[in-house]
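Visitor: Spelled out, the chains give:
Protein chains: 2
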Amino acid sequence: MGVLPDDLACFAVHVAARELDNAYRPALRELGLTYPQYMTMLVLWERDPQTVKELGAALRFDSGTLSPLLKRLEAAGFVTRERSTTDERSVLVRLTTRGRKLEERGKDLVAKVFRTFHYSDRDAEHLHEEMRKLVAALDDRAATFGRGAGG
Amino acid sequence: MGVLPDDLACFAVHVAARELDNAYRPALRELGLTYPQYMTMLVLWERDPQTVKELGAALRFDSGTLSPLLKRLEAAGFVTRERSTTDERSVLVRLTTRGRKLEERGKDLVAKVFRTFHYSDRDAEHLHEEMRKLVAALDDRAATFGRGAGG
DNA sequence: AGCAATTGAGTTGTACACAACTAGTATGCG
DNA sequence: CGCATACTAGTTGTGTACAACTCAATTGCT
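First to last, the sequence lines map onto chains S and X.
Taking this note's numbering, the leading residue of the first sequence gets 1446, the next gets one more, and so forth.
Taking this note's numbering, the leading residue of the second sequence gets 1446, the next gets one more, and so forth.
None of these hints come from the bench; they were simulated from the model.
Model, not experiment: these values are computed from the prediction.
Idealized CB from N, CA, C, for every residue including glycine.
Each hint should be verified, as a subset may be incorrect.
[To be verified] No farther apart than 20 Å at their CA atoms in a straight line, the calculated lysine to any residue pairs in the SDA-like style are these:
#1 S:Lys-1516 x S:Phe-1506
#2 S:Lys-1498 x X:Leu-1449
#3 X:Lys-1578 x S:Val-1580
#4 X:Lys-1552 x X:Pro-1481
#5 S:Lys-1498 x S:Glu-1533
#6 X:Lys-1546 x X:Thr-1561
#7 S:Lys-1557 x X:His-1573
#8 S:Lys-1516 x S:Arg-1526
#9 X:Lys-1578 x S:Arg-1577
#10 S:Lys-1557 x X:Lys-1498
#11 X:Lys-1557 x S:Asp-1451
#12 X:Lys-1578 x S:Ala-1556
#13 S:Lys-1578 x X:Pro-1481
#14 X:Lys-1552 x X:Ala-1587
#15 X:Lys-1578 x S:Lys-1498
#16 S:Lys-1516 x S:Val-1460
#17 X:Lys-1498 x S:Arg-1463
#18 X:Lys-1552 x X:Val-1536
#19 S:Lys-1578 x X:His-1573
#20 S:Lys-1578 x X:Ala-1587
#21 S:Lys-1546 x X:Val-1448
#22 S:Lys-1557 x S:Asp-1451
#23 S:Lys-1552 x X:Met-1446
#24 X:Lys-1552 x X:Pro-1494
#25 X:Lys-1557 x S:Arg-1526
#26 S:Lys-1557 x X:Thr-1561
#27 X:Lys-1546 x X:Gly-1522
#28 X:Lys-1578 x S:Asp-1585
#29 S:Lys-1557 x X:Lys-1557
#30 X:Lys-1578 x S:His-1571
#31 S:Lys-1552 x S:Gln-1482
#32 S:Lys-1578 x X:Glu-1499
#33 S:Lys-1557 x S:Pro-1481
#34 X:Lys-1498 x S:Lys-1578
#35 X:Lys-1552 x S:Arg-1526
[Unchecked claim] Computed Cβ-Cβ distance ranges for the label pairs, DEER-style:
#36 S:Glu-1527 x X:Glu-1519: 44 to 52 Å
#37 X:Pro-1513 x S:Thr-1530: 40 to 48 Å
#38 S:Arg-1567 x X:Ser-1535: 43 to 51 Å
#39 X:Arg-1577 x S:Thr-1530: 21 to 29 Å
Use the sequences and the hints to build the structure in full.
Guide: Here's what the structure looks like:
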């Protein structure tokens, strides 16, 4: 009895994530951001400044992902990074004027692109709920098994 | 009015995909495969040989992803690659004895790991259906807008 | 105060994933 | 037949992601 990728829900999740990326890419290109960079900016537009650790918690990125990403945002002139004075281990990420200004163009981008999916509000909420459930199950599992020995 | 990544369904899909990856990683590590490599082997265990193009269609990978991935599978001794004699443009990917033998250990890995998620069959089918719907919507969109100008 | 353990950020190496491109092959059309 | 066109793989460059590691700063414990 055979199993193909298309038969697997987990494969479908990966495909969906990549296709979402592709859907958002052209619009984000005009902002000069990638999808993970845009998510980072979303956090900063709400809460500025943030430490690298706080960003990592909000985005579920580890330092190996976030450090180079933030360096690119800094190189693009959207953020600055400076050591915290109260705890020299932490680095504070702060929006530049340019980074704050990008919010005007960037804030309604999600809604604008999502509208082209022909997804009703109800469908979107279903989707979101299904994802929350899956992530919760995976978080539970990780808490039980640790990051170590798999099943 | 603020928007954070956690408020967005599309962000949740990305988080879910990454967490799924993390959940499968330890088990796949014992096979010496990554998740995308495992998906490739799943296809080959069902249909052997396959051209790079056919694999790409089944997995939704383009040649930029698949070519180096297949080279790694070849280096690991799981597949061979040879130019098709009927159409010299195509490359046939074929399981080695070692690659075929891996199926014994690999075929029930999906089910085994998925069981640790505490997801009922019904829940899994819900998830799968939700993903199919999203991918269908995104495919529709891509067909309409092309890969070009973003809405 | 002194020292071990922990924490926060960064680095290195490996592996996807996509855009843009190249090169060789096949096909279609005049 | 001969050439333009399309197709199949592969390459290069950029940007996530994660593991495993380093290093400095801080905290906890005695």
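Visitor: Hint by hint, note whether the structure agrees.
Guide: Here is how each hint holds up against the structure:
1. S:Lys-1516 x S:Phe-1506: Measuring from Cα to Cα gives roughly 14 Å; hence the hint holds.
2. S:Lys-1498 x X:Leu-1449: The hint holds at about 16 Å.
3. X:Lys-1578 x S:Val-1580: OK: Lys-1578 of chain X and Val-1580 of chain S at ~19 Å, within 20 Å.
4. X:Lys-1552 x X:Pro-1481: holds, 15 Å
5. S:Lys-1498 x S:Glu-1533: Given that 20 Å is the threshold and the Cα spacing comes to 13 Å, the pair holds.
6. X:Lys-1546 x X:Thr-1561: violated, 25 Å
7. S:Lys-1557 x X:His-1573: Measuring from Cα to Cα gives roughly 26 Å; hence the hint is violated.
8. S:Lys-1516 x S:Arg-1526: Holds. Lys-1516 of chain S to Arg-1526 of chain S sits at ~8 Å (cutoff 20 Å).
9. X:Lys-1578 x S:Arg-1577: Between Lys-1578 of chain X and Arg-1577 of chain S the Cα gap is close to 17 Å, so the pair holds against 20 Å.
10. S:Lys-1557 x X:Lys-1498: Judged against 20 Å, a Cα distance of about 34 Å means the pair is violated.
11. X:Lys-1557 x S:Asp-1451: The hint holds at about 18 Å.
12. X:Lys-1578 x S:Ala-1556: Between Lys-1578 of chain X and Ala-1556 of chain S the Cα gap is close to 19 Å, so the pair holds against 20 Å.
13. S:Lys-1578 x X:Pro-1481: violated, 24 Å
14. X:Lys-1552 x X:Ala-1587: Outside the cut-off at roughly 33 Å; violated.
15. X:Lys-1578 x S:Lys-1498: violated, 35 Å
16. S:Lys-1516 x S:Val-1460: Roughly 29 Å separates the two Cα atoms, so the pair is violated.
17. X:Lys-1498 x S:Arg-1463: Holds. Lys-1498 of chain X to Arg-1463 of chain S sits at ~19 Å (cutoff 20 Å).
18. X:Lys-1552 x X:Val-1536: violated, 25 Å
19. S:Lys-1578 x X:His-1573: Answer holds: Lys-1578 of chain S to His-1573 of chain X is near 13 Å, not above 20 Å.
20. S:Lys-1578 x X:Ala-1587: Violated, because 28 Å separates the two Cα atoms, which is more than 20 Å.
21. S:Lys-1546 x X:Val-1448: holds, 16 Å
22. S:Lys-1557 x S:Asp-1451: Status violated; Cα separation ~30 Å.
23. S:Lys-1552 x X:Met-1446: holds, 10 Å
24. X:Lys-1552 x X:Pro-1494: holds, 18 Å
25. X:Lys-1557 x S:Arg-1526: Violated: Lys-1557 of chain X and Arg-1526 of chain S sit about 44 Å apart, past 20 Å.
26. S:Lys-1557 x X:Thr-1561: violated, 38 Å
27. X:Lys-1546 x X:Gly-1522: Measuring from Cα to Cα gives roughly 11 Å; hence the hint holds.
28. X:Lys-1578 x S:Asp-1585: Since the Cα atoms of Lys-1578 of chain X and Asp-1585 of chain S sit roughly 26 Å apart, the hinted pair is violated (cutoff 20 Å).
29. S:Lys-1557 x X:Lys-1557: Violated, at roughly 41 Å.
30. X:Lys-1578 x S:His-1571: The given pair, whose Cα atoms are some 11 Å apart, holds under the 20 Å limit.
31. S:Lys-1552 x S:Gln-1482: Between Lys-1552 of chain S and Gln-1482 of chain S the Cα gap is close to 14 Å, so the pair holds against 20 Å.
32. S:Lys-1578 x X:Glu-1499: violated, 34 Å
33. S:Lys-1557 x S:Pro-1481: Given pair Lys-1557 of chain S, Pro-1481 of chain S holds - Cα atoms ~18 Å apart, limit 20 Å.
34. X:Lys-1498 x S:Lys-1578: Violated, at about 35 Å.
35. X:Lys-1552 x S:Arg-1526: violated, 48 Å
36. S:Glu-1527 x X:Glu-1519: 44 to 52 Å: Between Glu-1527 of chain S and Glu-1519 of chain X, where Cβ atoms are some 47 Å apart, the hint holds.
37. X:Pro-1513 x S:Thr-1530: 40 to 48 Å: Holds: the Cβ-Cβ distance is about 45 Å, inside 40 to 48 Å.
38. S:Arg-1567 x X:Ser-1535: 43 to 51 Å: holds, 45 Å
39. X:Arg-1577 x S:Thr-1530: 21 to 29 Å: violated, 52 Å
Hint compliance for this structure: hints 6, 7, 10, 13, 14, 15, 16, 18, 20, 22, 25, 26, 28, 29, 32, 34, 35, 39 are not met, and every other hint is.
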